[in-house]
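Q: Now for the letters of each chain:
Protein chains: 2
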Amino acid sequence: MTYCVSMLLDAGMVFLSDSRTNAGVDHINTFRKTSIFQRPGERVLVLMSSGNLAITQQLVSMLREAMAAQDGRENLWSVPNMFEAARHVGEMLREVHRRDAEALKNFGIDFTAALILGGQIGTEQPRLFHIYAAGNFIEATPDTPVVKRYTSLDEAAKLALISMDSTIRSNLSVGVPLDLTILKTNELKIASHISIDAKNEYFAMIRNRWSEALGHAFDELPNPDWLDSGEQS
Amino acid sequence: MTYCVSMLLDAGMVFLSDSRTNAGVDHINTFRKTSIFQRPGERVLVLMSSGNLAITQQLVSMLREAMAAQDGRENLWSVPNMFEAARHVGEMLREVHRRDAEALKNFGIDFTAALILGGQIGTEQPRLFHIYAAGNFIEATPDTPVVKRYTSLDEAAKLALISMDSTIRSNLSVGVPLDLTILKTNELKIASHISIDAKNEYFAMIRNRWSEALGHAFDELPNPDWLDSGEQS
Chain A
1 MTYCVSMLLD AGMVFLSDSR TNAGVDHINT FRKTSIFQRP GERVLVLMSS
51 GNLAITQQLV SMLREAMAAQ DGRENLWSVP NMFEAARHVG EMLREVHRRD
101 AEALKNFGID FTAALILGGQ IGTEQPRLFH IYAAGNFIEA TPDTPVVKRY
151 TSLDEAAKLA LISMDSTIRS NLSVGVPLDL TILKTNELKI ASHISIDAKN
201 EYFAMIRNRW SEALGHAFDE LPNPDWLDSG EQS
Chain B
1001 MTYCVSMLLD AGMVFLSDSR TNAGVDHINT FRKTSIFQRP GERVLVLMSS
1051 GNLAITQQLV SMLREAMAAQ DGRENLWSVP NMFEAARHVG EMLREVHRRD
1101 AEALKNFGID FTAALILGGQ IGTEQPRLFH IYAAGNFIEA TPDTPVVKRY
1151 TSLDEAAKLA LISMDSTIRS NLSVGVPLDL TILKTNELKI ASHISIDAKN
1201 EYFAMIRNRW SEALGHAFDE LPNPDWLDSG EQS
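Protein chains in written order, with the numbering used here: chain A, 1 to 233; chain B, 1001 to 1233.
The following block holds chain A by itself, in its conformation from the complex (with noise of 0.2 Å):
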């Protein structure tokens, strides 16, 4: 499984992707899932991806292709704006579709793929899009947060890095290291760009005192006392 997650906020986006890929659990490999395109002070965007991992990977080739080839087509450099750079990456996958999904589906595997692409480009405001396997597309609007708009970065990185430890707990296949991304308003730039392994000492606290507190918050919680008034319906 793959786990993404990203929030758009007005100081900037926090993106965060777990690594590991497998085809059944007893063959897991790891492989980073996000993708970093930037022109410091002109454009910057970050591509996470879930799914087929030969068809997100070949998706990633095609769109770097597209940008050195300099021959005039579109990419995600000449692209001017982020609704663009959604459109362009879900045309791409639409013809790794092409090329693809036929000979997957005569092997009874899903053509399946989702992405997250968020990012600034120039004057315009920070954008996230959640891009299917169909090529087409949604934006997060300010009418359905899960999180205030105005969270700090710094806050949001500790919301992130506890889902996606809760997402460890429960699923094998989750796994670090992670790819911790983050950009700043109006920056046209990473702000941080930092893997979090093992070792690292806050995820490690994280994950020690948010199971801590959430055993501590259980356990102050009474108990229902009603159970034994037998059958009530």
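Derived by calculation from the structure, the hints in this document are not laboratory data.
Cβ coordinates follow ideal geometry from the N, Cα and C atoms, glycine included.
Heads up, a few of these hints could be off.
[Said to hold, decoys possible] For lysine to aspartate or glutamate, the following EDC-like pairs were computed, each having C-alpha atoms within a straight-line distance of at most 20 Å:
| hint | chain 1 | residue 1 | chain 2 | residue 2 |
| --- | --- | --- | --- | --- |
| 1 | A | 184 | A | 212 |
| 2 | B | 1199 | A | 225 |
| 3 | B | 1148 | A | 212 |
| 4 | B | 1189 | B | 1124 |
| 5 | A | 184 | A | 42 |
| 6 | A | 184 | B | 1124 |
| 7 | A | 148 | B | 1084 |
| 8 | B | 1148 | A | 154 |
| 9 | B | 1105 | A | 110 |
| 10 | A | 105 | B | 1220 |
| 11 | A | 189 | A | 225 |
[Stated by the list, open to error] FRET-style restraints, in silico, Cβ to Cβ:
| hint | chain 1 | residue 1 | chain 2 | residue 2 | range |
| --- | --- | --- | --- | --- | --- |
| 12 | A | 141 | B | 1195 | 32 to 40 Å |
| 13 | A | 173 | B | 1040 | 38 to 46 Å |
| 14 | B | 1042 | A | 141 | 52 to 60 Å |
Position chain B against the provided structure of chain A, taking the given hints into account.
A: Chain B in isolation, oriented as in the chain A frame:
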């Protein structure tokens, strides 16, 4: 969506299901997802179902018809143990599949069903099974516990309700009323069967205090202070 959770403990079993079903979020209905079959002192079985409601309702109807028929065919009153009960339910589900899967497929609808079957028959220990759409099944064993086997039924009910609360918060299509069913080992009857709605004081307390405790635990953990150290990889 459906959320069902069950725990097999030394003291007995806990089953909790929500009751909301939907065909799109604008068309939400509530139906019971927990079915109880008991002959007190002889056997007690609890079946929780998720998936396509037309499939799972048909399954439960067929199980009940077979039990009422008294025609010598196998049914949940006649099976000698819980393993045979799980096999019987899986067989019935395959019968539904034979009748409906082709027609559903023509409308682009998947044959989805996931069942939890638990209970106790005669002198056998209580057993718990997860039955898949294909009619095959796995059994909960002491090797794969998430909760300690010696956990009390009250505490397990508290845990199940906290788990349900978290699920309700993150998914609009899971909601009250909830069905909470408790069996005690060797009683061979339902110990408690309680419908929990929005007015249930205990669940309301859990909802408030767990959320408060999480917020407090989150605030207590320090934010990372190493994010401004720049790009580290």
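Q: Against which earlier hints does the structure fall short, listed by number upward?
A: 1, 6, 7, 8, 10 and 11
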